[in-house]
Amino acid sequence: MPARPLSKVCYVEDDEDIQRIVRLSLERVGKMTVEVVSDPMQAIDAIRAFGPDLVMLDWMMPGMDGPTLFRRMKETQDTSALPVVFITAKASQTELDELTKMGAAGTISKPFSPKDLPEQLRAIWAKLP
1 MPARPLSKVC YVEDDEDIQR IVRLSLERVG KMTVEVVSDP MQAIDAIRAF
51 GPDLVMLDWM MPGMDGPTLF RRMKETQDTS ALPVVFITAK ASQTELDELT
101 KMGAAGTISK PFSPKDLPEQ LRAIWAKLP
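Here this note's numbering is used: the sequence shown runs in plain steps of one and ends on residue 129.
It should be emphasised that the hints constitute simulated quantities derived from the structure, not laboratory data.
Calculated pairs, SDA-like style, for lysine to any residue (alpha carbon to alpha carbon, straight line, at most 20 angstroms):
#1 Lys31 to Asp116
#2 Lys101 to Ala91
#3 Lys115 to Glu27
#4 Lys8 to Pro114
#5 Lys115 to Leu24
#6 Lys31 to Leu6
#7 Lys110 to Ile21
#8 Lys110 to Arg23
#9 Lys31 to Ala126
#10 Lys101 to Glu75
Whole structure, please, built from the sequences with the hints as guidance.
What follows is the structure, given as structure tokens:
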């Protein structure tokens, strides 16, 4: 378990409605600071600038999907050690297993409960070394 509580989350998501739901859930219910990035092509720079405890990635986005962005994060010194949680409705179990092998911290399925999302993230956070 990390020594400090989860407080800063960066969420990479192209859908504005889901961005709003996640931001409200994590800020109001979870009392976290949230940075939302809508363009996956700019995500690594935004993540570096924000300095989150954890990154949440949507699976399907235009320009670059979540798994590709995750692989790029793993290849980038400043982001390689950040825990990453995928939010998805589309991934197969085989794909999820592959990402777990690569070091993904966890997954959350869509649809999710905005009321429960902060606790789901904290549960994943608590299992991290």
